[in-house]
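Order-wise, the sequence lines are chains A and X.
In terms of our numbering, the first sequence is numbered consecutively and its last residue is 92.
In terms of our numbering, the second sequence is numbered consecutively and its last residue is 327.
These are computed hints drawn from the structure, not numbers from a lab.
Careful: at least some of the hints might be erroneous.
Claimed, not checked - Dumping the calculated DMTMM-like pairs for lysine to aspartate or glutamate here, alpha-carbon to alpha-carbon at most 25 angstroms:
(1) X:138 x X:88
(2) A:78 x X:182
(3) A:35 x X:180
(4) X:207 x A:41
(5) X:96 x A:41
(6) X:115 x A:41
(7) A:78 x X:176
(8) A:78 x X:197
(9) A:35 x X:176
(10) A:78 x X:91
(11) A:78 x X:108
(12) A:35 x X:182
Unchecked claim - Covered stretches of chain A, as calculated for chain X (at least 3 residues, CB under 8 angstroms):
(13) 24-32
(14) 40-48
(15) 66-73
Just so it is clear, the structure is predicted and the values come from calculations on it, not from any experiment.
Ideal placement from N, C-alpha and C gives every residue a C-beta, glycine not left out.
Given next are the chains, with one letter for each unit.
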Amino acid sequence: MEEKKQKKKRGGLIGFFRDFTYGMATHGMARHALKTRSSMEHLFILITMGDMLGIPILPPYYSLRLLPHVVPQITTWKRRMLREKDFVDSMY
Amino acid sequence: MALADIFDKYPDRRYIMYGGKGGLGKTTFSAATAYYLAKKGKRVLVFSVDPQASLSDIFERDIFGQGNIEIMPNLFACEVDADRRVQDYQEEIRQKIISMYGMKKIPEEIESYIKASSAEPAMEESAIFDAVVDIVVKADFDYYIYDLVPLGHALYYLSMASIYDAWLDKITGLREQMREYDQAIATMQREEETTEDQIYSELVYIKERIGESSKIMTDKKKTAFFFVLTPEEMTIVDTEKAAGLFAKYDVPLAGYLVNRVINRDLLNENIPEYLRNRIQMQVGALEMIDEKFGATVHSRVPEFDSEIKGLDTIKELAEVMFEEKLS
Numbered sequence: 001m002e003e004k005k006q007k008k009k010r011g012g013l014i015g016f017f018r019d020f021t022y023g024m025a026t027h028g029m030a031r032h033a034l035k036t037r038s039s040m041e042h043l044f045i046l047i048t049m050g051d052m053l054g055i056p057i058l059p060p061y062y063s064l065r066l067l068p069h070v071v072p073q074i075t076t077w078k079r080r081m082l083r084e085k086d087f088v089d090s091m092y
Numbered sequence: 001m002a003l004a005d006i007f008d009k010y011p012d013r014r015y016i017m018y019g020g021k022g023g024l025g026k027t028t029f030s031a032a033t034a035y036y037l038a039k040k041g042k043r044v045l046v047f048s049v050d051p052q053a054s055l056s057d058i059f060e061r062d063i064f065g066q067g068n069i070e071i072m073p074n075l076f077a078c079e080v081d082a083d084r085r086v087q088d089y090q091e092e093i094r095q096k097i098i099s100m101y102g103m104k105k106i107p108e109e110i111e112s113y114i115k116a117s118s119a120e121p122a123m124e125e126s127a128i129f130d131a132v133v134d135i136v137v138k139a140d141f142d143y144y145i146y147d148l149v150p151l152g153h154a155l156y157y158l159s160m161a162s163i164y165d166a167w168l169d170k171i172t173g174l175r176e177q178m179r180e181y182d183q184a185i186a187t188m189q190r191e192e193e194t195t196e197d198q199i200y201s202e203l204v205y206i207k208e209r210i211g212e213s214s215k216i217m218t219d220k221k222k223t224a225f226f227f228v229l230t231p232e233e234m235t236i237v238d239t240e241k242a243a244g245l246f247a248k249y250d251v252p253l254a255g256y257l258v259n260r261v262i263n264r265d266l267l268n269e270n271i272p273e274y275l276r277n278r279i280q281m282q283v284g285a286l287e288m289i290d291e292k293f294g295a296t297v298h299s300r301v302p303e304f305d306s307e308i309k310g311l312d313t314i315k316e317l318a319e320v321m322f323e324e325k326l327s
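Looking at chain X on its own, in the form it has when it is part of the complex (with noise of 0.2 angstroms):
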């Protein structure tokens, strides 16, 4: 089935999402799709958590880290800076104790546990997912086009959501028997009324962050999940495997996007010999990727003969890729 098919037919899924091992394409995949979709008159977000973004480089203009940016009508582009937003989150903790207790200044031991914390490996990807859900959460755009980080981030915050809402699980249950403790000696002490216990409802809260980030990763309903590969023996093994620890987590696959495909029709010609062996390999792992993947694979994508970079080429590649003419 054809790429804009697959969004007529599907036009609840919101979040698209592209996937695949670095530098295959996967930022201007997104940005076309971005393009397309904003022509047909919806709006969108195309947003990235990657430290190395690169929709600053594609669409020409410094974004990181400056919010949703117009690149054009309807089109809104969007860099995380994770870094400052760690810095941010910890330094409103700091204010937070410090306004709760009327310190002047935070402990040392406290403020040295808080240091520590940024240099925990797992801290930049739960910032980035927290990021993502305040990005969704506030749903004032059609579409979000999600330029995901390589593959074994969201992988491992995955895995992480499920480990953690076992946790949460767990110690939201001491959290409700403790206050099981509070309400009989409050009883028994003959006091009206406990107060509330302000930790369970923070708890409450992250179960319900972690369950809206990776309810974004994981609708059925919303999410479109494509994987980018290219006709590379190596890279076809590599998204198969990928393929299958993803829907280990229950990520809706919505198909295959081959890119830089070399046009086979220049092997009639009088070529290299080096351009023809890369051609012949192609051949034969596109057979590959037909035969494992099918009827799933949504487009193929030509190798351009310059780089995607500035809306011009980025309507192009929009053109082949939803194979069809934009204004």
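Just chain A, same shape as in the assembly (with noise of 0.2 angstroms):
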């Protein structure tokens, strides 16, 4: 969010078209790729981590050097991954 405002801040007709076509162009490739991204931070959590949900994973010691990195999304991913689905999830 903070990139985008700066950029705005670069202002300017030409600055206009350029955030203008990014949005026409880019924009929805740049979220999906987002998403894709965050949906593999998840599994990369759950490969490392995933004794924290009960999922026997490979010995600790090192994971737990991992462990630092990941825990401002631990939230996020717990929630994520053990959230119900039921059909109405695929309609979307």
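Join these two chains into a complex; the hints should help.
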């Protein structure tokens, strides 16, 4: 978000058109890529810290080294992994 | 070939390990070898990671968890406190989290995860082998004599290391893929460059450490692994089995040492039935050892009439083991 604000500040007519084309052409793609990226992030945490949800994984000695780096994502990851799904989900 | 010749012939073998069942004399042999090499002017570190380590007992000094302690000139001993190492490591992780995110306190669920990790069965083995890597990479000794924990641990770790390695390859691959996405997103959003992925660097580091630790046990040039056994049928069979397993994991077996051989000449004397039977049993077992291991048996060490304890008796043992008078 902050980056977008910065870009807005650059302003001007050229800036406007740049943002406009970005919005039309690539914004959707970028959004999709970001979404995939975050799914992968969650998959990664699942593989490395799965035992937090009761899924046995490999020895934790070195997994602990990774723990600090994923601390901010843990809550959203848990919510996503433990969320119950129903057919409505597949409609979106 | 005599044991002393083996050490002369392969000066590159700097990691010396004695393996075998518990109570057969691994620690006494480690201490005697360290003594011998130290007397030869080499800088030697003998270390143990066993929580019930007996280096303190054999050197008659409390060295547990105190780092490298000088026992005599050139001879250092170290007993790693695995429990404390795990605790220190967990604390390090906590501190890292706190400093990375400026937290006052570790979140509940993270804390309980860290706490639970120490109860995991492989935690200690991993911590132990990590400690060994720490000791060995410093490379400030000529010889490292590793008083190994009973065989199971070592085998368990080696098998774990190979699985871990494959697993790391997979997740490193996933991480690389994620990085490609990062770069694509950055290009689409016209950002200059992406930040470095710290997790990726950690993974690379972990892979190196695991490689390093299994290399210590499997490096053909630098490692010599000796089996200690006694002339008893059951021990021989078990040792043979263990040797097969170790060979599977590419541990370079340097040979066998027989401990606790009772002097056969006693048979000509008037000795109690009990002792006679034991000697005869040993004669049979020694034949079996020759048959199975032949020229790879490097030393036969007699049963001593007192416990090996303290530098004087260690010296006696070293002289017998290496067939050489030491000053």
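Taking the hints in turn, this is what the structure says about them:
no.	hint	verdict
1	X:138 x X:88	20 angstroms, holds
2	A:78 x X:182	23 angstroms, holds
3	A:35 x X:180	14 angstroms, holds
4	X:207 x A:41	20 angstroms, holds
5	X:96 x A:41	21 angstroms, holds
6	X:115 x A:41	24 angstroms, holds
7	A:78 x X:176	23 angstroms, holds
8	A:78 x X:197	22 angstroms, holds
9	A:35 x X:176	17 angstroms, holds
10	A:78 x X:91	24 angstroms, holds
11	A:78 x X:108	14 angstroms, holds
12	A:35 x X:182	11 angstroms, holds
13	24-32	holds (count 3)
14	40-48	holds (count 6)
15	66-73	holds (count 7)
Of the hints listed earlier, there is not a single one the structure fails to meet.
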